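**Student:** Starting from two chains that each stand alone, build the complex the way the hints lay out.
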Amino acid sequence: MEGLQQQQQQSKRNPMPNNEKMTKKNKKNNKTNKFEFCKVCNLNHDQGRRHIYFPNHIKSLSSYLSRFHKKLSDVRFFLKNPSLLRPEHAPRNRLWCVFCDSDIEELDSLFACGNAITHFASAEHLKNLNYFLWKYGGGMDRVDSFRISDEDVSKWEKKCESLKSFASSSSEGSYGPSLGPWKDIQNKHCCENTDSNEKNKVKSFKFSFSNSVLPLQCSTKERYQVSHPETNEIASAGLFSYNATSLPLSTEDNMHNWGMHLNKSTSMDLTASTCDPVYSGNQHSLVENSWKCSVDWSLSSEGVDRMGNGKSSNHESKGNVHTGAPPPWFEKNEENELNFQVDIGSNTNSLASSSSKSRMSGKLNPKRVGAAWAEKRKIEIEMEKRGEIVSSSCDTDWLPNFGRVWQSGTRKESRKEFEMEKHKLLKVECLSEGTIKLQPYISKRMRKDTGQFEGPADCS
Amino acid sequence: MSFLLTTLTKKREVDSIIRDTIDKVLVLRFGRASDAVCLQLDDILGKSARGVSKFATIALVDIDSEDVQVYVKYFDITLIPSTVFFFNAHHMKMDSGTADHTKWIGAFHRKQDFIDVVEAIFRGAMKGKLIVCCPLPPERIPKFQLLFKDV
Numbered sequence: 001m002e003g004l005q006q007q008q009q010q011s012k013r014n015p016m017p018n019n020e021k022m023t024k025k026n027k028k029n030n031k032t033n034k035f036e037f038c039k040v041c042n043l044n045h046d047q048g049r050r051h052i053y054f055p056n057h058i059k060s061l062s063s064y065l066s067r068f069h070k071k072l073s074d075v076r077f078f079l080k081n082p083s084l085l086r087p088e089h090a091p092r093n094r095l096w097c098v099f100c101d102s103d104i105e106e107l108d109s110l111f112a113c114g115n116a117i118t119h120f121a122s123a124e125h126l127k128n129l130n131y132f133l134w135k136y137g138g139g140m141d142r143v144d145s146f147r148i149s150d151e152d153v154s155k156w157e158k159k160c161e162s163l164k165s166f167a168s169s170s171s172e173g174s175y176g177p178s179l180g181p182w183k184d185i186q187n188k189h190c191c192e193n194t195d196s197n198e199k200n201k202v203k204s205f206k207f208s209f210s211n212s213v214l215p216l217q218c219s220t221k222e223r224y225q226v227s228h229p230e231t232n233e234i235a236s237a238g239l240f241s242y243n244a245t246s247l248p249l250s251t252e253d254n255m256h257n258w259g260m261h262l263n264k265s266t267s268m269d270l271t272a273s274t275c276d277p278v279y280s281g282n283q284h285s286l287v288e289n290s291w292k293c294s295v296d297w298s299l300s301s302e303g304v305d306r307m308g309n310g311k312s313s314n315h316e317s318k319g320n321v322h323t324g325a326p327p328p329w330f331e332k333n334e335e336n337e338l339n340f341q342v343d344i345g346s347n348t349n350s351l352a353s354s355s356s357k358s359r360m361s362g363k364l365n366p367k368r369v370g371a372a373w374a375e376k377r378k379i380e381i382e383m384e385k386r387g388e389i390v391s392s393s394c395d396t397d398w399l400p401n402f403g404r405v406w407q408s409g410t411r412k413e414s415r416k417e418f419e420m421e422k423h424k425l426l427k428v429e430c431l432s433e434g435t436i437k438l439q440p441y442i443s444k445r446m447r448k449d450t451g452q453f454e455g456p457a458d459c460s
Numbered sequence: 001m002s003f004l005l006t007t008l009t010k011k012r013e014v015d016s017i018i019r020d021t022i023d024k025v026l027v028l029r030f031g032r033a034s035d036a037v038c039l040q041l042d043d044i045l046g047k048s049a050r051g052v053s054k055f056a057t058i059a060l061v062d063i064d065s066e067d068v069q070v071y072v073k074y075f076d077i078t079l080i081p082s083t084v085f086f087f088n089a090h091h092m093k094m095d096s097g098t099a100d101h102t103k104w105i106g107a108f109h110r111k112q113d114f115i116d117v118v119e120a121i122f123r124g125a126m127k128g129k130l131i132v133c134c135p136l137p138p139e140r141i142p143k144f145q146l147l148f149k150d151v
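Protein sequence lines correspond, in order, to chains A and B. Counting from 1, one number per residue, gives the positions in the first sequence under the UniProt record's numbering. Counting from 1, one number per residue, gives the positions in the second sequence under the UniProt record's numbering.
Derived from the structure by calculation, the hints contain no laboratory data. Note that the structure is predicted; figures quoted are calculated from it, not measured. Some hints here could point you the wrong way.
To be verified - Cross-link-like lysine-lysine pairs, in silico, DSBU-like; alpha carbons within 35 Å at most:
#, chain 1, residue 1, chain 2, residue 2
1, A, K367, B, K47
2, B, K47, B, K10
3, A, K80, A, K155
4, A, K39, B, K127
Looking at chain B on its own, in the form it has when it is part of the complex (with noise of 0.2 Å):
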């Protein structure tokens, strides 16, 4: 668990740092800090931190508190860890060829592909693009299987 990002576990903080993120890509994690995958996705999102500084904050959202359970739903977040991107309080999509283009499900194999994705977002974002394609070859994607709604 990375010190340097700040832990979100109130809607209502959540909502600030939404607001607040003006011409920044902003990286919402949403996952538990036990979890493996979540550990390791934050270790590469601490490491990272600093160096998207200038284009993009970071910040962690913890699943299990009750306040935030409304984002869980509203973003069918199903799957953790689960990244959303937001630009200017506006939902990012990237569709990286998995079946959720909502939001990035699963870590990075690397420190550069986490950049690469943030540079991607927020390249698109500033020519007004909502969806964006993702720059990283289907190998490093990490792959999940979307279960349709009540299945």
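So here's chain A without its partners, still in its complex pose (with noise of 0.2 Å):
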């Protein structure tokens, strides 16, 4: 009776164990069968909860995180400089929330990013930025930077409050400053509130000034886009009498990411601003650049679609498609060949190897074996083509890195063992020579010796 309830009991406590690793694998495949939406690689996965933690997620999600993070700086830009909000640009002015997953409009608002701010404070907000970052694993210690606190938000609120009433105080001409360089699109004053200018440009175009990348200052017809920020440091007094609507944004992404239609109103402002030569440091030497490049645009402004990037400029001065001069490339063509002609013999093979070598090195994990040491000795290769240093013959003594077969310790201490060992057989060597009475004693100690350190010496 005891032994078959013993039994029972074994077999309750081990029920059926194939079953069991049966259920337990259908869990787990339950569990991972359910196919997730991760937004933030933009692709469906059963991994679960693993997800996150995979390398490819969190370099996403950085990358993801940062790009918000931009958007949101832009935001914070206006929470330090509250500026009123033309209707007109409004409509433009959207910003996506990517934990709310919503629209932010700004269509009621009567200062630029308020309902930004108004949201970015709000709890509803918080709770969907900590949902957020539990789900795709931001690290819940990021949560202020991607909020404003309320005491950010009242800050603002008060310059806002204060900029109302100075401009419902002020007259016509107080607002000029302000509103001057959105409506002297002809005429391109110089603008006073270089603040709304800067601002309007970081929000619209995603850029700053820090960056030193400065959007076409020049007027130019609807959609002419220019690629390269050197081209539109092109701004001067002497370009005003064009009869431009609008001026094209400095580069294309941005043309892109904000649609054409921003032109307008930002263009205004980025001459006004710039014309001022007074205005800041920035533009100091935009406007060297400015008196180079004027003539030029005036030229070729017309019927022109694309300018390819800043290049384009100078060849300009030195004449183009329309003037009929030779194409860059041709004149240094000559310097080319004649490099190619001495290289030839020697290089060619060389050439051919550095250019495959250096599309691998591109990709080459830097956490490779030997990493460093590769780095180091290409280094030295190099230098050792041209010259520079006589190859040194590595001293005969070196040896590589190796784990030997009987040792335990680290890979440095098979070098030090080795280097230990040929210093007693060069003892042995040396003192099997001396007296005869030392000699068996010696030899029995070296033997022993020996014996502990060398592995067998039969290679046959």
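**Tutor:** Structure, rendered in structure tokens:
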């Protein structure tokens, strides 16, 4: 009876172990079968909670959050310097909050980014933020960087009120500076209210003066895109006779992001702000460049849909397709040919190999084995090729990093051990020539010692 | 004996090939040209040398030469052929279920086995691992008995 009971107990403890395993497996499968959408990586996965720890996800999360951080920093700029929001700009200033999955429109706010600021300070945003960080593993300590605290909001509101009161009390004239640039498309008056220009640029173009990248300040036809910021530094008082209606943005990317319709408002600001040479340190260099290029713009502004990059403006000064000048690569070709003739004999192989090497090395894992050594050695080889370093013949005692068979410590120790053995061997050889008396004593000891460290010498 | 593979007889040559092979696996076979198993291994090495040339360099070291005895002792080479793997002058170990992880002893059953082994070493090295697992099943790994030191 007892035996039976015991058996039953045992079977209870391990009822059908195979089935248990099966069910456990099924449970695991069930857990992982459910597909979820990760909006950070933009893919569906069935890894459940494990997904957020995968390196790919971590990478995409960091880029995702940094992108949103940029937008947020723009909003914070407005938090510190509130400015009035003109109704015509309102529909264009929209922000997508990634945590709340909602658009933040500015249609009914009086101040730039007003709705956005209130949204980021709201409790609901905080709740969504926490949920997002929990779900996608952004690090719960970063909550504050993605929201605006109440103190900041109250400060901002005070500033807004003062601005409002100032605006309402002052006459049309005082509005002039802030609104002037938006009105004076044709006249391009110097704008004193540089802040608003900056803000508009920051808000609309997603870059700031701190980058020392400035959008085009010269007026040209609408939809005239110039991608390189250098070309855009073409602004001077002399150009303002154009009848252009808008200005292109400085970078293509920004164009795509924010749409061409942003041209009008912001473009005016740019010219207005930069035409004042006293305006800011950023633009001193621009003004210099602008004089150089101003004439050229007048020639080429019409009928051209797109300009290439900054180099194109320089070419205009020398002559362009319209004037019939030769393209720049023809002039350079002569130099290149000369160089090639010199190098062709010796360097074709190295060129090919270096190009392939550079392709490969671009993707090599910096954590691979011996990476540091490889980099060092590559530099050494380059220098040897160039003849700067006489190929240092490694000393005859150099030994590679090797982990020996019977060794229990680190690899560095293996080399030391080997060196020790070598010394002992040498000692043996030296001392074996000594007196007969000592010889047997030493050789026994040495035999013992060498037997400990050396492997069997049998190689046949 | 394959004539495609370079045979090294001096320590200096071995040093330079170890130091100059950058970002590629270096396969050093220690053996003798007259040994049957060595010949078999050399045949496989020679045939696959070109195929793995993008990520591996193969060289043969003659253990009968005087100069190389230092390495024979340093690498504890007792049975031949012994193949030692390096990556960026670092020694790569492979756990193939045998007693000696520091080198590969014996020949390979197939050319593909050798390529698999070199690939495993390369992948491990690129990830930063100094010891890798052998991708071959145990029946294709040559067995040997490693004598303990003085025994």
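**Student:** Taken at face value, is the distance from the CA of K10 of chain B to the CA of K47 of chain B at most 35 Å?
**Tutor:** Between K47 of chain B and K10 of chain B the Cα gap is close to 25 Å, so the pair holds against 35 Å.
**Student:** Given the hinted pair K367 of chain A and K47 of chain B, is their alpha-carbon gap at most 35 Å?
**Tutor:** Holds - the C-alpha atoms of K47 of chain B and K367 of chain A are around 32 Å apart, at most 35 Å.
**Student:** When you check the alpha-carbon spacing of K80 of chain A and K155 of chain A, does it fall within 35 Å?
**Tutor:** holds (8 Å)
**Student:** Take the C-alpha atoms of K39 of chain A and K127 of chain B, compute the straight-line distance between them, and say whether it is at most 35 Å.
**Tutor:** The hint holds at about 29 Å.
In summary, this structure violates none of the numbered hints.
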